[in-house]
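Position chain B relative to chain A; hints supplied.
One line per chain: the protein sequences are A and B, in this order. The first sequence: position 73 = 281 (this note's numbering), numbered continuously. The second sequence: position 248 = 266 (this note's numbering), numbered continuously.
Just so you know, not all the hints are guaranteed correct.
What the hints assert, rightly or not - The list that follows gives simulated cross-link-like pairs (lysine to aspartate or glutamate, EDC-like), each with its CA atoms no further than 16 Å apart:
#, chain 1, residue 1, chain 2, residue 2
1, A, Lys321, B, Asp282
2, A, Lys321, A, Asp300
3, A, Lys321, B, Glu281
The hints are simulated quantities; they were obtained by calculation from the structure and are not laboratory data.
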Amino acid sequence: MSDPISLPRPAPFPARVSAFFWEGVDTDELRVQRCSDCGELRFPPRPMCPDCHAVAWNTETLSGEGRVYSWIRPVHPRLPMFAEDTIVALIDLAPGVRLVSNLCDVALEDVEKDMPVEVFFIDLGEGRRLHQFRPRSERSGG
Amino acid sequence: MADPREAAIVGIGQTEFSKNSGRPELQLACEAILAALDDAGLSPADVDGMTTFTLDNNEDVDLVRALGIENLRFSSRVPHGGGGSTGTLAHAMAAVSSGLANVVVAWRAMNERSEQRFGVGHTVSNASSPGTGTGFLEWSMPFGAATPAAWTALGAQRYMQEYGVSNEDLGAVSVILRQNAATNPAAWFFEKPITLADHQASRWIVEPVFRLFDCCQESDGGVAVVVTRADRARDLAQLPVRIRHATQAVPMGIETVTDFYREDLTRMESGEFAARELYERTGVGADDIQVAMLYDHFTISVYWQLEAFGFCGRGEARDYIADGHLDLAGRTPLSPNGGLIGEAYIHGMNNITEAVRQIRGTAANPVADVENVLVASGMSAAILSRS
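In isolation and in its complexed conformation, chain A is listed as follows (with noise of 0.2 Å):
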């Protein structure tokens, strides 16, 4: 599961809007944009806040431990840039904060509904880092 990649992956491709995130991720961050006003996390970025209509935002690193929302194998066409058992997933990481992306060092078959998981980084090259996701055991609080 954490063969090498034989082929690089396709590189996040940041919009001027998210850029943020994926400067957060190159330096093993997982940030999201809080509204300034009224304090809401908002996923995927916006410019402008849905409750109070506030263009002010900073930004928020999550914990990175959240929950598995769904997830699949895709099968077919065969992508070379992925290891054949790749899990694609939404994890939920807070409200109204939800990903797509790979769920880790878990068999398919294993895998459940709001099963609790942490985030960790790999490496794309070129200092490119990509957030992954694979299972945590639940600590009281978590």
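Using the frame of chain A, we list chain B on its own:
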């Protein structure tokens, strides 16, 4: 008596549905449009409006030039890819009812198998097509989620987990649609029905959600419909089919296909909004609909729309299907043409033409006494009725 300003479908046309048309997409579009105008008893000289939806490679200017149309007073392109296919009826309706145009042609023509396949996967992470409603692919590509099947499966898997639905349960939809296609000579899968065992033997496309037979086809072909006002429709060649209402739905948080961010992916909120709008506007309810043309790019989409449009409650689609309610002899037959899985994937437009044939009584698999047909394509929907 219908309002004279109400819109009606007065002509339908199509090319053959194949895997290699052997001719340019623009020619497919021209052929389908001419056939639809001929069906209506009209000619390109009568056309003053056009509409299609995103991902069609044909431009209105090229169609105007190729067909010899003098001038378009109205031209639009509905967003959301196939999700917007029924939205063409909303645009055409708005145009003719308001007087922006008299005769609007809605078209779709693609070589979606022999030229531009949707199923082969994207590998460029900055790919983004304005107007499709599909989110910036930077969020999917780096992780190997590269196809509509993979994107759709992420929502489907949560539904299946929540309600204990298996891939075999999804297969029941394919079996119905392939059975319908088997007796529709226009269908690519004419005389090729499948059993649930065949479905289960087809290879995984996205494990554990979609097998090959959960996916619609990739098809070459063109389809067109002609819309005008009810008062004008009476004098034309065919029994007019009333557009009772047509609507689009773009609820907060939705994306087309890459629809990951709504809180609850087990429900199709766009369908729920569209259903409310259609039912309130027309007074027609789920019980009054004799044929359900539900967009079936993947089998799960039928589940979601059955629940969104109130044919059954949430989480009940599997049992509703198992009880036979979608069969040709059932309560509300599903896509008697075979849908996008069985007939062809003309991106939803071939489900509109089938609705018209069911109301005219000219379908290959006619349902008895059809008054109202629901055509739903995720982010747009319409109720069509007998005049």
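Hint check:
1. A/Lys321 x B/Asp282: OK: A/Lys321 and B/Asp282 at ~13 Å, within 16 Å.
2. A/Lys321 x A/Asp300: holds, 11 Å
3. A/Lys321 x B/Glu281: holds, 15 Å
No hint from the list above goes unmet by this structure.
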